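Novice: Can you build the whole structure from these sequences, using the hints too?
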Amino acid sequence: MAKQESRPLFRQEALQWRQESWMGATCKLAPISGQWVALGAGLFFISICLYGAFGSYTRRVHAAGALVPTAGLVVTTADQSGIVTRIHVREGQHVKAGDQLFSLDVAHRSQIDASGRNALETLRAQYRLLQEKRRLAEKDAPIALSTIKAHLATLDRQRAMLKAQIARDEKILPLVDRATKQMQDAIGTRLVTQTQFQSQLNVYFQSFNVHAQMVRALIDVEGQRSADQLKILQHPIEWARRLNEIDTQLADCRRQISQASRETEAILDARIAGTIDGMTSYVGQRVRNDQPLLTILPDHATLLAELFVSSRAVGFIHVGQKVLLKYAPYPYQRFGLYRGRVVEVTRSPLQAPFPIMSQKGGVPPEARDADQYRIRVRPERDIAMVDGRREKLQPGMKLEAEIAVDHRRLYQWLLDPFISTAAKLRQISQRDGGGVTT
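Heads up, the sequence shown is in the numbering used here, so the first residue is 1 and it goes up one at a time.
To be clear, the hints were calculated from the coordinates, so they are not data collected in a lab.
Each statement offered as a hint is correct.
With a Cα cut of at most 25 Å, we get these calculated PhoX-like pairs of lysine-lysine: (1) Lys-398 x Lys-322; (2) Lys-322 x Lys-392; (3) Lys-163 x Lys-149; (4) Lys-231 x Lys-133; (5) Lys-392 x Lys-96.
Derived DEER-like restraints, expressed as beta-carbon distance ranges: (6) Leu-337 x Thr-302: 17 to 23 Å; (7) Val-203 x Gln-158: 22 to 28 Å; (8) Ser-348 x Ile-83: 39 to 45 Å; (9) Val-283 x Asp-79: 17 to 23 Å.
Predicted model only: the values in this text are computed from it and were never measured.
Note that beta-carbon positions come from the ideal geometry of N, C-alpha and C, so glycine has one too.
Specialist: This is how it looks when you write it as structure tokens:
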């Protein structure tokens, strides 16, 4: 019997799949429909067209500058060479016109000797003593007036007591006088002896003398009261005269000190009222004539942002244009931008105190040799919000600005090269055509 051929239990494909299963399961990929691709491409093209038609782009000019007051900073300079011996003010302090700012030692210029310095110190000591004398006189004036009034009150009490005593004596003296006369008449009748009459007569004379003393004392008290009342009336005039004498001595002493100080010391004072800013001097510093020592920001002076731009941008900037300001001490990434408005645009080039900076921080190539024009911007607020605090803007503060100079649709920006090329071709053709006609 022929041996039957053996057949596998599973198909060959199944066995092969089991051997290759470690490579992962098979996945049937279905290609994306061409309609969906066309639809997506159409939508993308439409969105690009809409964005180009309705979207816009604003070209901005980056400018750098600083805050300056409208009235300008008042610079205080040394009127002669010397050494700073004393500074009477501090940074940020408000001063009035005439307040002392600096004291300068200028003795090295006049070659004054030691005796002159000693004389100046003596005059200053005398001036301080006169000031102390005047201060004590002002304190002593009400005390002296109180003393006079207290003495007058005592005299009033003595006057009342004397008047009461005199009134009692005036009642008693007639009785004593009558009794004396009666005893004198009774001597003849031998009812009163001569000794008793003499004793009564002594009593009468003593009472009369006491009464006379009381009257004289009352007259003295009245005189003292009148004198005190006169002193009270003359007290303001008298003390004003005394203070005037001391003030005269002080003025004379000041004159002598001023005369002596011209050779040893110079005092610089404030010309206007304002706030001290930009102090650059210190005690012991040697300064020369006309050297700046500090600046004063005048009262009621508003701050403007003074910016400089190149000639490429100044033609697009006009008064009233909005500006975004970025203050250097307060980074805009954290404290935000601040709005302003252009109030002045110069039409002639100026020398800027610093080069025009680009938005990336460098000097742009077109501005290296270009003219610079100044524009002034008024900030909407004179403060900056810093962590919830209102910080007042300070003059000289550096800042940057973004100025929108050209706002157009995107398609206008895209077609701008073609439009400018077409305009150039028209000009060339017109020029050529005109030449042929002639």
